[in-house]
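Asks: As a plain string of letters, each chain reads:
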Amino acid sequence: MKHILKILALLVVVAATWITLLETSIVPHHYTWLLPVYLVVSLGCYGLLMVGVGLMLFPTCPQEAVLLQKDIVEAKEFLGRRGVDVGSD
Amino acid sequence: MAKLEEIDTDEYEKIMAANKMKRKKYSIIIPTYNERLNIALVIYLIFKHLQESEFEVIIVDDGSPDGTQDIIKQLQDVYGKDRILLRARPKKLGLGTAYVHGFKHASGDYIIIMDADLSHHPKYLPNFIRKQIQTGASIVTGTRYVRHGGVHGWNLMRKLTSRGANVLAQTLLWPGVSDLTGSFRLYERSAFEDVISSCVSKGYVFQMEIIVRASRKGYHIEEVPITFVDRVYGSSKLGGSEIVQYLKGLVYLLFTT
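Going line by line, the protein sequences match chains A and B. Going by our numbering, the residue at position 66 of the first sequence is 66; the numbering climbs one at a time, nothing skipped. Going by our numbering, the residue at position 53 of the second sequence is 53; the numbering climbs one at a time, nothing skipped.
With the rest of the complex left out, here is chain A (with noise of 0.2 Å):
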């Protein structure tokens, strides 16, 4: 099934649930109507605070730019000495 069918499937399911809720009365109107835009602005900070928290806890790896640029040299070196042109480009 393509994926776009999954996702209106679950938009499906939260649209008949909304509609539900406004039919019957178990939850007050005016706070029904309201349900979808809480929904969507909760994923919004939800959204953003992945992104922000990603950001923070960014992986980084500063000394393996060291240890490539020692293997480089240890590359230039062995190559050299075979006759191969390690000159830069």
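None of these hints come from the bench; they were simulated from the model. These figures come from a predicted structure and were not determined experimentally. Relax, there's no trap hidden among the hints.
Chain A is nowhere near these chain B residues, computed Cβ spacing over 12 Å in every case:
no.	residue
1	E11
2	E13
3	G63
4	D82
5	R83
6	L85
7	P90
8	G94
9	H101
10	H105
11	G108
12	N127
13	K131
14	F206
15	V244
Keeping only pairs whose Cα atoms sit at most 27 Å apart, straight-line, the calculated DSS-like set for lysine-lysine is:
no.	chain 1	residue 1	chain 2	residue 2
16	B	K73	A	K70
17	A	K2	B	K217
18	B	K248	A	K2
Pulled from the structure, derived: some chain A residues nowhere near chain B, Cβ distances all over 12 Å:
no.	residue
19	V12
20	V13
21	V14
22	A16
23	W18
24	T32
25	L35
26	P36
27	V41
From the three backbone atoms N, C-alpha and C, an ideal C-beta is built for every residue, glycine too.
Following the hints, position chain B against chain A.
Replies: Using the frame of chain A, we list chain B on its own:
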């Protein structure tokens, strides 16, 4: 530094011995364009870190004007024409077709794809291989965004764009992998052939398409942490058109996978 899998030496040696007996061969496909120096360094590091496995390197060069192919021929003199295969093309014809072209000449049981610019370090190749053997996965993909992985050389803006793009893709696509645009991956031969035949995108959306389609088809996908040192970021741009292209790619994948 990325941590190696916690596995004791005895078990590791048993696995590597078993691997040798089965003679599993790995074909490493590297597309190149103007990577005269980097390709030599990458080849050296591959041969340094993959001494336990049987492999070949297939370099698909798109007619580099800087003499990359001359360097590759020199490398063939050092390492052997049977280990380094140069399968060039006349001009830049795109990444997806480069992989397909390389695959046609691949004799391995497993296909590894990686970049030539040293952003992908060959020292992780044993980790990919080991993970595949341990889990029997069809695809092992490198991820920069987990613990023991990482990126160096990105400023705050670049990290923000990357993180935002990732959150959006995760929310929309539920892809099952943490790094969608990565191109450091190992595939079982049959899985590679199957997935690549159904992918039509260009550029890095192509990398996303491969892994999302593989996920949809139910392939067993595992991840290994990799570190990504970006030395070229200063010269490459991540502008508005790239972002638009990415969003278009997401919508395309949303509707067609």
